[in-house]
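Colleague: Take a look at the letters that make up each chain.
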Amino acid sequence: MPKALSIKQLSKTYATGVHALEAVDLTVESGDFFGLLGPNGAGKSTLINIVSGLVNKSSGNVGIFEYDFDKQVEKTKACLGVVPQEFNFNVFEKVEDIIVNQAGYYGVSRTVAKESAEVLLKQLELWDKRHQPSRVLSGGMKRRLMIARALVHHPRLLILDEPTAGVDVELRRSMWEFLQKLNAEGMTIILTTHYLEEAEQLCKNLAIINQGKIIEEGTVKDLLGKLRQETFVLDTFENIGVNVLQKLQAFQAAAVDANTFELSISEKQSLNDVMRILDEYSIRVRSMRSKTNRLEELFVNLTHKKSV
Amino acid sequence: MNKEQLLTAYWTITRKECVRFLRIWKQTLLPSVVTTGLYYVIFGTFIGSQIAPISGHTYMQFIVPGLVMMAVITNSFANVASSFFGSKFQRDVEELLVSPTPSWVMIAGYVTGGVLRGLLVGALVLGVALFFTQLTVYNWAIVIGFLLLTAILFSLAGLFNAAFAKKFDDTMIVPTFVLTPLTYLGGVFYSIHALPSLWQMVSQANPVLYMVSGFRYGFLGIADVNIFVSLSILVVLSIALIAANLFVFSRGYGLKN
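Chains as they are written, first to last, in my numbering: chain A, 177 to 484; chain B, 66 to 322.
Isolated chain A (complex conformation) (with noise of 0.2 Å):
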């Protein structure tokens, strides 16, 4: 099966000579939910404008399932259904306008189109809204818009520049399992997030982009396998004593108040022997969390790393 996103060595130098990618490789399989992270201005949106024909690259390949993107431009953009960061629809135009007119321009005629605007509008909860000029939708509206209007034209790879910033909690999980739902169907799927724990909710394989190069890529297990730390914050019962954060030395212990201490766990080391102590100890505890996201944790290493 072709890939789904195949880059060789691209190349963008913008007209002000900045560097936004430097020949960067990047493979997609087909049928895969990927997420695609870095910092502001890593070269994210870079990439997913070239790709989607709104930015032309300086140098290197471009293929999209089994075409190439300079020599069969047309059936690459066929395939290919966009939702970028930004919202940008016409906002006199009618929501149903918006969807119908975008399937016009992928040779969808009118009928089919209405058809599936209107089954697009339901699953989107945007029916009712249909003869409303866009402007007057709600930020997450707008978003769900910009979701519906990529997708009336059936692409087989979806790209959505951080499709849920600005989104409310329950809106954002409901686009979750919608945008699951599309993956299970077998559309592949490419996420770039500011929200890590979106990427690691949703996808199955994940590249770190920044300053303009791939930084890491490999599978979301993988990648949190490199993770080598993690920090846990625990509430107990019993007040922890300074003996006790003592005989925790080697974990980094540090008392938050009287009934929460926080420690952090290397690869090496293993949380029975904390329980261990505090049992020796006869504290019981009431409460364990992870301190941080995992993604974010190596997120920030690597970046962090690669900055320095």
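The reader is advised that the hints may include incorrect statements.
To be verified - Taking beta-carbon pairs under 7 Å as the criterion, some of the chain B residues facing chain A (in silico):
(1) Met66
(2) Thr73
(3) Thr77
(4) Lys153
(5) Gln155
(6) Asp157
(7) Glu160
(8) Ser164
(9) Thr166
(10) Ser168
(11) Leu260
Quick caveat, the hints were computed from the structure, so don't treat them as lab data. Where is the CB? At the ideal position from N, CA and C, for every residue including glycine.
We have chain A already, so just place chain B on it with the hints.
Modeller: Chain B in isolation, oriented as in the chain A frame:
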């Protein structure tokens, strides 16, 4: 894309353009009708009644073709320039740029929108003229041919302007400082034969002269310039602007980063 898909994409752009200018008809259709109506009243009736007939036609009959052409020129240009720049400004042009619609279909769609507005306003302005004078048509084919070619030419010019425009002011510079002077000096209100020979020569560098002259020939059977020369100049300019727009769209100048 196959032929049917290309046609669908073309109709989608054209339909969208028509819906836009019909929705805001008070801004797009009415102003030219009112302005040209005032020209008819002031120049045609008040002043024109004191001017001797030109080649056997009243002054009112003489200026009607030029005023219709002026409305077609400004509306065709303005429709595409404002609509396409508006799409760039709101970034909804990206809907088209990410799609497989080829550049030539995008150009054809926008230009058709501009042509249709130009023709509609031209028809309205011509209709208003009938309240002031009687009009006869000398040659329908020439009237329609010049009307269409002029509307196409200025729609293409509007698209070219909008592609490079970075702010709304940039789309106003050409109509204000180029189109308006060229139109007023293009023989709308006078025959260039009434000018000194030096100014007759200068006038021949003005492309609007050929459009007005040819269009007037279609109505009255009189022209300042040979009809075939006028037609050739329009065709050459249109081909040049088609090539320029295709180049700009294919390279993404003013459209892509």
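Colleague: Look at each hint and say if it fits the structure.
Modeller: Hint check results:
The beta carbon of Met66(B) is positioned within 7 Å of a beta carbon in chain A (closest approach about 5 Å), and the interface hint is therefore held. The beta carbon of Thr73(B) comes within 5 Å of a beta carbon in chain A, closer than 7 Å, and the hint placing it at the interface holds. Against a cut-off of 7 Å between C-beta atoms, the interface hint on Thr77(B) holds, since the closest Cβ of chain A lies about 3 Å away. The beta carbon of Lys153(B) is not positioned within 7 Å of any beta carbon in chain A (closest approach about 11 Å), and the interface hint is therefore violated.
About 6 Å separates the beta-carbon of Gln155(B) from the nearest beta-carbon of chain A, less than 7 Å, and the hint is met. Given the 7 Å rule on beta carbons, the hint for Asp157(B) holds: about 4 Å separates it from the nearest Cβ of chain A. Of the supplied interface hints, the one on Glu160(B) holds, with its beta-carbon coming within about 5 Å of a beta-carbon of chain A, less than 7 Å. Using the Cβ-Cβ criterion of 7 Å, the hint placing Ser164(B) at the interface with chain A is satisfied: the shortest such distance is roughly 4 Å.
Taking 7 Å as the C-beta contact cut-off toward chain A, the hint placing Thr166(B) at the interface holds, the least distance being around 5 Å. A cut of 7 Å between beta carbons decides the hint on Ser168(B): the least distance to chain A is about 10 Å, and the hint is violated. Nearest Cβ of chain A to the Cβ of Leu260(B): about 46 Å, over the 7 Å cut. The hint is violated.
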